[in-house]
Amino acid sequence: MHFSADTMFPGDLYDAASRFASAAAAKLDRAAERQDGWRQAVAMGWPALLVDEARGGAGGTLADLGAVVEACARQGLALPLVRRCALAPAMLMAAGGEAADGLLRALCAGEVDIEVAGAAPLALTPRPGGGVRLDGRLEQVDAALPFTHLLVTVAEHLLLLPRAALPAPAARYAGIDGGEGADLLLAGLELPAAAVLQTGAKARAAAVAGADLATLVTAIEIAATLGATLEHCIEHLSTRIQFGAALSSFQVLRHRVVDSYVQYESASVLLARLVLDTASHGRLASRDAALCKLYLNDLARRGAESAIQLHGAMGMTAELPAARLARRLLCAEFEQGDRRQQLARLQALAPADELTA
Amino acid sequence: MINATPVDIDYDAFRSEVDEFARERCPPALRERVRSNAKLGREDYAAWQRILNARGWAAPGWPKAFGGTGWDMRQRYLFESVMAARDCPPQYHHGLGHIGPVMLHFGTPEQQRRFLPGILDGSDWWCQGYSEPGAGSDLASLKTRAVRDGDHYVVSGQKIWTSHAHEADWMYTLVRTSQEGRKQEGITLLLIPLALPGIRVLPIRTIDGWHHLNEVFLDEVRVPADNRLGEEGQGWRCAKFLLDRERLAPAIVVRLERLLQRVAAQVAAVDAGQPAPDAAQAERLLLAEAEVRAARELLLSAIDDELRGVLRAAKSSALKLHCSELAQRIIGIAFDALGPRRAARFMPIDLEGRPRVAEDEESNMIHNYLFYRSRTIAGGTSEVQKNVIARELFGA
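The listed protein sequences derive, respectively, from chains D and H.
The numbers in the first sequence follow the numbering used here, run straight up by one, and end at 357.
The numbers in the second sequence follow the numbering used here, run straight up by one, and end at 396.
Excised from the complex, chain D in its bound form (with noise of 0.2 Å):
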């Protein structure tokens, strides 16, 4: 028997999307099976999972919406849980507010289907009546899977742009990870008064709130797709025969994968550890956040290069699952903000008063 990185957030709910996620992921290569896991997940309401019960949500804590992201990323299964499932609801409980509320319920209803902008160099023009006009390119939207919302953030204004407002795309692109993104054109898009959500205090607020989450959150597909990457290469290494021996009884191979299984726990440990902390102390601080991730995105990069090193010229393959986990990785590091944004982030927040708190 091979071996089996253990999982970080073990339970019922971690073994139930792990049985969907290798369930769809086999169809993943075509964007209709995308759409329809996506589906499903919503029908399962790992949308409404962070929301809390009076508003209609499950009242899940990080680590129900931690198992669920584990799951799905050790099956290489590409959807958006990051944004729709963690920094959505983050962004609009932290938001606060009728309109918000408001949207959270539809949310849990699955009455909407909110996708979220990364930060847009957008140009915002105030209205009378506060509304607002946009001008400019809004960049990277994942518009390949439905949505009926999109969040985004402008000059310290929360927004909720219609997707019937929203132009067709100006350009579309395929990721290293196959996802698809596009980008819009924004020319003169006027919203009224209702699609401002928040602005000033709060609108800063509900964007450091989702931005914390979603940190993490990628910090944790990232170990959970590193955790699965080992085990491919194990496999791999085991069961491939060269020079007339399995390669894993090579020891310069063996000990390349001991440095990627040493990785492995540390980070998983640590992300487990965490999210454990964030739920006993209520909240989530943005350092321990950004510094998660400036770690995992430095784990990412070697777990990638080292899997596709190791599984020799079927590493190069497109659709090697260990391949495909390792492009995924390659994506996943410059999600929720690379090295450079986590440094400058960690730089203006206060250091920690000791490293044992």
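Don't read these hints as lab results, they were simulated from the structure.
Keep in mind that a hint or two might mislead.
Negatives, chain H to chain D, calculated, CB over 12 Å [said to hold, decoys possible]:
| hint | residue |
| --- | --- |
| 1 | Arg-23 |
| 2 | Gly-118 |
| 3 | Ala-140 |
| 4 | Ser-156 |
| 5 | Ala-195 |
| 6 | Glu-215 |
| 7 | Arg-342 |
| 8 | Pro-348 |
Derived coverage of chain D by chain H (criterion: at least 3 residues anywhere in the stretch with Cβ under 8 Å from a Cβ of chain H; other residues may be distant) [to be verified]:
| hint | segment |
| --- | --- |
| 9 | 227 to 240 |
| 10 | 245 to 256 |
| 11 | 262 to 270 |
| 12 | 292 to 304 |
| 13 | 341 to 347 |
Since the model is a prediction, treat every value here as computed from it, not as a measurement.
From the three backbone atoms N, C-alpha and C, an ideal C-beta is built for every residue, glycine too.
Based on these hints, arrange chain H on the given structure of chain D.
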């Protein structure tokens, strides 16, 4: 996270008690030596051990019946955390951490009565006679010979890389008593007084400029048979027991936390004199901080697994590997900051033309940078650790 802990222990109160003790009872001069990363010798360790012994805290890892504290792993972790945070010296490991527990397990009641008190009060100093010129990582190839002669063993051979032998009273020593069977089977563990006739201890000069390693030559040394620990031929079992037992020592992690703080302070001091801070150093410090936190969680997770009886050898070896390599990365950050002005000014030369060890904090960092090369060599090289882990990962 540690789950399996008794509910009637107030850990916060325990931590406060230890903290108060450390602040009040550890001599400031000793704490300053630890804070500045100076090399500690027998006097330093023994002074602190006497104080701990008087408080009843001489042996945090031992059961109460043998003079230990009987603490659970969480208490041990808290104790070590406070000791590190307050710059108290680590406890000398050869007696308390190595041969002591082997005596608890394999020693006769008479041996326990004879040897344990001296370990607890710090009056007896032990060193480890394992490695030989031809038996390092491949320890079972050792050749030092012990021949039974009445009530004695007559021991001849050579040990090498013997830390602290120059200041020790005793050497627990693996010797070959038989050439029959597998090479692991003919090994016996003897407790040898270093004052016996026929023993010579010679220093080995090491790259770090400190004296800690030695060669020990044994020439027809007559060792009483009563000094044999365990049965004849059982020495390999004793050695393995020792290694297995020490794999979760909390000190290896908590001292890293303090080291990183000291290195960060050194880097900040160097940066203060530069036109712009070194962004690459700042990133390495942040990554090291994350890795230290990961090391702490890895330790706590391993302790939890141990308490539940499911600890994998791969995980404990991963902890050792992670910590030893991380320690090198951390001290390497200090070396980068201090190297430009200290690499060529490692040790001052006295009037007789001899390099001498200076004990300022910067010098200590450079000594430690070199000394820390041994972190991935001593106690099982990183390569040996990787072999252990790989065997479990690949199932062969």
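Hint check against the structure, violated hint numbers in rising order: none
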